[in-house]
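Using the sequences plus the hints, can you model the full thing?
Single-letter residue listing:
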Amino acid sequence: GESVGLHLPTLSVQEGDNSIINCAYSNSASDYFIWYKQESGKGPQFIIDIRSNMDKRQGQRVTVLLNKTVKHLSLQIAATQPGDSAVYFCAGVPSSGSARQLTFGSGTQLTVLP
Amino acid sequence: DTGVSQDPRHKITKRGQNVTFRCDPISEHNRLYWYRQTLGQGPEFLTYFQNEAQLEKSRLLSDRFSAERPKGSFSTLEIQRTEQGDSAMYLCASSSTRTSGMSGELFFGEGSRLTVL
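Each protein sequence line maps, in turn, to chains G and Z.
With this note's numbering applied, the first sequence corresponds to residues 7 to 120, in that order.
With this note's numbering applied, the second sequence corresponds to residues 7 to 123, in that order.
Note that these hints are calculated values from the structure, not bench results.
Check each hint, because a few of them may be wrong.
Residues of chain Z clear of chain G, computed beta-carbon distances all greater than 10 Å [as the list claims (entries may be wrong)]:
no., residue
1, Gly-22
2, Phe-71
3, Gly-78
4, Gln-86
5, Ala-94
With a straight-line Cα cutoff of 30 Å, these simulated DSBU-like cross-link-like pairs (lysine-lysine) come out [what the hints assert, rightly or not]:
no., chain 1, residue 1, chain 2, residue 2
6, Z, Lys-77, G, Lys-48
7, Z, Lys-17, Z, Lys-77
8, G, Lys-77, Z, Lys-63
9, G, Lys-74, Z, Lys-17
10, Z, Lys-77, Z, Lys-63
11, Z, Lys-17, G, Lys-48
12, Z, Lys-17, Z, Lys-63
Beta carbons are placed, not taken as given, at the ideal position from N, Cα and C, and that holds for glycine.
Dropping the structure here:
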């Protein structure tokens, strides 16, 4: 099955700086990957996703990069704001194509410093 | 519709007691999922329904756990003879197979936190 994991359990950035959160995966047969944000006491919230046939996808203030050669993906947050403080998870979906097998990594706690 | 709702938000119980959690998905979402999340970890898949049919169960779902979705709308997750190791956040999520494009974004509820004493 899929295995995803994050490089750093914690990340601190200054407000206004860009944040980069990294994730590695082990199974090349994943169809796509999703980034979720989880604030304290709340359920995970979808941020952005990317299919395995893409290498970049942009959203509002966020960009996901996928490097299939080294099995690595990253989430970039531009102009980080205090409201971005949360735990960020990457999750992989195998090629069977159903979100029922979403496999989450252990998360990176992003702290935005004033 | 305000999203996925779960009840209760917090439950404290003594070891050996039974507990039941309820999840109301987003209206017209035909898929419903249960995940478990322990402190510092990502959510772990437990089980999944499409309409009223339970299509997949994780090996994490021991025989003390049972989930139902009798009418294809709300779902319940029951844990019998609770153990201290069952203490976790139980998350419910829903999605629609009619979502175009990707396989279907999961919309999570805010979870039911279980503490077993």
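(request) Enumerate the violated hints, using their earlier numbering and listing them in ascending order. (result) 9
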